[in-house]
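My request is simple: use the sequences and hints to build the entire structure.
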Amino acid sequence: MKAVVKVDHLRKSYKDIKAVSDISFRVYEGEIFGMLGPNGAGKTTTMEIVEGIRKADSGRVSVLGIDVRKNPRQVKSNIGVQLQTTSLYPRLTVSEVMALFASFYPRSASISRLIKLVDLEDSRKKRCKNLSGGQQQRLSIALALVNNPKVIFLDEPTSGLDPQSRHNIWGIIEYVRGKGKSVFITTHYMEEAQRLCDRVAIVDHGKIIATDAPDKLVSQHFQEEAIEFELSQKLDDDDLRAVSGVTNVVQENGKVIVYSNAVPVTVSALLDMAKQRGFELTNLYVRRATLEDVFLKLTGRRIRE
Amino acid sequence: MKTFRVLLMANAKQFVRERAALFWTFVFPIFFILIFGAVFSGSMEDVNFEVGLVIEDDSSLAQNMSVALEQIPAFTLTIGDRDTEMQALRDGDRRAVIIVNAGFGESITQGQPTDIDVYYDPTQTSSVQILLPIIQKVIDNFDRALSGTAPLIYLNEETLQSRNLRAIDYLVPGILAMALMQLGLFAVAPIVVDRENKVLKRLGATPLKRSTMISSTVVFNLIVAVIQAALIILIARLVFDVPMLGNWFYLAGFILLGTLTFLAMGYMLSAFARNEQTLMPLLMIVQFPMMFLSGIFFPLEMMPGFMRPIMDAIPLTYLADSLRQIMVESAPLHSHLVNLGVLGAWFAVCLILAVRFFKWE
Numbered sequence: 001m002k003a004v005v006k007v008d009h010l011r012k013s014y015k016d017i018k019a020v021s022d023i024s025f026r027v028y029e030g031e032i033f034g035m036l037g038p039n040g041a042g043k044t045t046t047m048e049i050v051e052g053i054r055k056a057d058s059g060r061v062s063v064l065g066i067d068v069r070k071n072p073r074q075v076k077s078n079i080g081v082q083l084q085t086t087s088l089y090p091r092l093t094v095s096e097v098m099a100l101f102a103s104f105y106p107r108s109a110s111i112s113r114l115i116k117l118v119d120l121e122d123s124r125k126k127r128c129k130n131l132s133g134g135q136q137q138r139l140s141i142a143l144a145l146v147n148n149p150k151v152i153f154l155d156e157p158t159s160g161l162d163p164q165s166r167h168n169i170w171g172i173i174e175y176v177r178g179k180g181k182s183v184f185i186t187t188h189y190m191e192e193a194q195r196l197c198d199r200v201a202i203v204d205h206g207k208i209i210a211t212d213a214p215d216k217l218v219s220q221h222f223q224e225e226a227i228e229f230e231l232s233q234k235l236d237d238d239d240l241r242a243v244s245g246v247t248n249v250v251q252e253n254g255k256v257i258v259y260s261n262a263v264p265v266t267v268s269a270l271l272d273m274a275k276q277r278g279f280e281l282t283n284l285y286v287r288r289a290t291l292e293d294v295f296l297k298l299t300g301r302r303i304r305e
Numbered sequence: 001m002k003t004f005r006v007l008l009m010a011n012a013k014q015f016v017r018e019r020a021a022l023f024w025t026f027v028f029p030i031f032f033i034l035i036f037g038a039v040f041s042g043s044m045e046d047v048n049f050e051v052g053l054v055i056e057d058d059s060s061l062a063q064n065m066s067v068a069l070e071q072i073p074a075f076t077l078t079i080g081d082r083d084t085e086m087q088a089l090r091d092g093d094r095r096a097v098i099i100v101n102a103g104f105g106e107s108i109t110q111g112q113p114t115d116i117d118v119y120y121d122p123t124q125t126s127s128v129q130i131l132l133p134i135i136q137k138v139i140d141n142f143d144r145a146l147s148g149t150a151p152l153i154y155l156n157e158e159t160l161q162s163r164n165l166r167a168i169d170y171l172v173p174g175i176l177a178m179a180l181m182q183l184g185l186f187a188v189a190p191i192v193v194d195r196e197n198k199v200l201k202r203l204g205a206t207p208l209k210r211s212t213m214i215s216s217t218v219v220f221n222l223i224v225a226v227i228q229a230a231l232i233i234l235i236a237r238l239v240f241d242v243p244m245l246g247n248w249f250y251l252a253g254f255i256l257l258g259t260l261t262f263l264a265m266g267y268m269l270s271a272f273a274r275n276e277q278t279l280m281p282l283l284m285i286v287q288f289p290m291m292f293l294s295g296i297f298f299p300l301e302m303m304p305g306f307m308r309p310i311m312d313a314i315p316l317t318y319l320a321d322s323l324r325q326i327m328v329e330s331a332p333l334h335s336h337l338v339n340l341g342v343l344g345a346w347f348a349v350c351l352i353l354a355v356r357f358f359k360w361e
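Sequence order for the protein chains is A and B. For what it's worth, this note's numbering labels the leading residue of the first sequence as 1, then goes sequentially. For what it's worth, this note's numbering labels the leading residue of the second sequence as 1, then goes sequentially.
Accuracy of the hints is not assured; some may be wrong.
[Unchecked claim] Capping the alpha-carbon separation at 25 Å, the derived lysine-lysine pairs in DSS-like fashion look like this:
1. A/K55 x B/K359
2. A/K15 x A/K2
3. A/K255 x A/K297
4. B/K198 x A/K18
5. A/K55 x B/K198
Honestly, the hints are just simulated from the structure, not real lab data.
Right, dumping it as structure tokens:
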């Protein structure tokens, strides 16, 4: 597979804070590559360095074979970008902003087709300030596609949106991949990473701690399933670990997750224990392990605190 | 080039869709002119200054002086003795009293310089702005006639009568200068808003050159400046018959240079402002002293002496002076060359600091 983005040993510090420390990865042709991690993990910094709008302290970045440090304008001509904060000329209309951005590039895609793709046909004459959050987000994705780029960078594309808008945007991103383009997204939504990405890099404290397809990441780290419940009193991790079938235990604010490779046995053992010791066990449910569990296992905390 | 054109159009669309910008750029200066025009209204014929003349010298030269002054149509001349006329000035019955001292004729015949005293009330703006130049002109003519071979008294009545008379004539070029200053200073505000909203950052992720972006907004503001100036000149002409006597190319040149200077100053000042909320007060703090210390509303002579260095430093003084000279042929404070030099220096310094300190993020 051909790599469209190559990043090697990237480092970036702000004063004393290491935003990115030694990150290396590839984005391949035709895939959706996601960086998953909490706010402040270094995702945005990494992405903006690759886009050529921020300078790295050290490391090598090339996009479509072009060295970003040496030819930032050439890179910018060939990629599509959506920034985390979307605010676009409040007094211009949708089609005016599209035409304006199209004029920045040597060649551009059909504007009417893009407006149709992001479902803004009824709003093309609306001023940007009158668009809803979801519409603005879709417009900014359309702007990222205006030069018909081979690689598209989307920084938290569904942040703060309602579920329906989020699904709309996922649909657009999958359509774009279907056209053979590569998509690099950052997100702190587990669900988004799991559902959308072909490969995910889990990022924490400026480092990539794991990279693979979401399902593989989960199956590598968990053969077991997760049992979540709440307890009326705190128990020692060791007490829970002693329950049959349990492989690992995480407790957080009265909420307990135990991982088990024998769920029926574990659940009945837990209920027995609760009865014997006289505490309540509520809101119990069983689920498959997810990326969130992988993150928890690797870092010891949840992605959204 | 296509990018430039599209950016220019985008600028224009955003501008006309913001009512506040339209108001400050076009309505506000016109309001100023209409209000001040109404206050100082009155055509040439109506302008009438009660001027007292005291002649304490019985030479024929002194008599000729009084004849010369009588010919000024805007003056109603009363000849009387010193005590009566000075009392009349104090009572507000005279706008000025001119005193030809004893020995005036004799000194002149002997070829020695001599003084004519003019007393006036400095709180009357129009006394300073209008009366003094007229009296000065009369004396100049008189002087020139004496030293040359021309007829003893040769009054260039055309220049005197037609111009330099009304307060509104002085005011309009000043208002124009003020409007250009405001346009230029505040032009940076939308850029600061774009910076705050990360629009500039988004543009930075495209191959658009910063120089193309900035030059398109600068050119746009110069176009607005020309439209604004045309509107001010036109309204002043239609409503108050304020003339445009001078060279249109000089006028356009000073309008453009003035706008560029204040544009650069605005960009420079924006370096000290994190966002629009801090930028606006900063621009206000800069523009108000300029408005009131540049001789647009109050003649510079009225200001206390310690203010003088400030007045001599601010670029608006020089822009207003040249615009006044070009439009109504007012008495120059400085030559055009000096004005050009000072404005050019301000432009260069502001531009260098703006380029050095302007923040894109």
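Exercise. Given the hinted pair A/K55 and B/K359, is their alpha-carbon gap at most 25 Å?
Worked result: holds, 16 Å
Exercise. Within 25 Å, alpha carbon to alpha carbon, are A/K15 and A/K2?
Worked result: violated, 36 Å
For this session: Take a quick look at whether A/K255 and A/K297 sit within 25 Å of each other, Cα to Cα.
Result: holds, 16 Å
Problem set entry | Hinted pair B/K198 and A/K18, Cα distance within 25 Å | holds, 24 Å
For this session: Verify the proposed pairing of A/K55 with B/K198, using a straight-line Cα cut of 25 Å.
Result: holds, 18 Å
The structure is inconsistent with hint 2 alone, although it conforms to all the rest.
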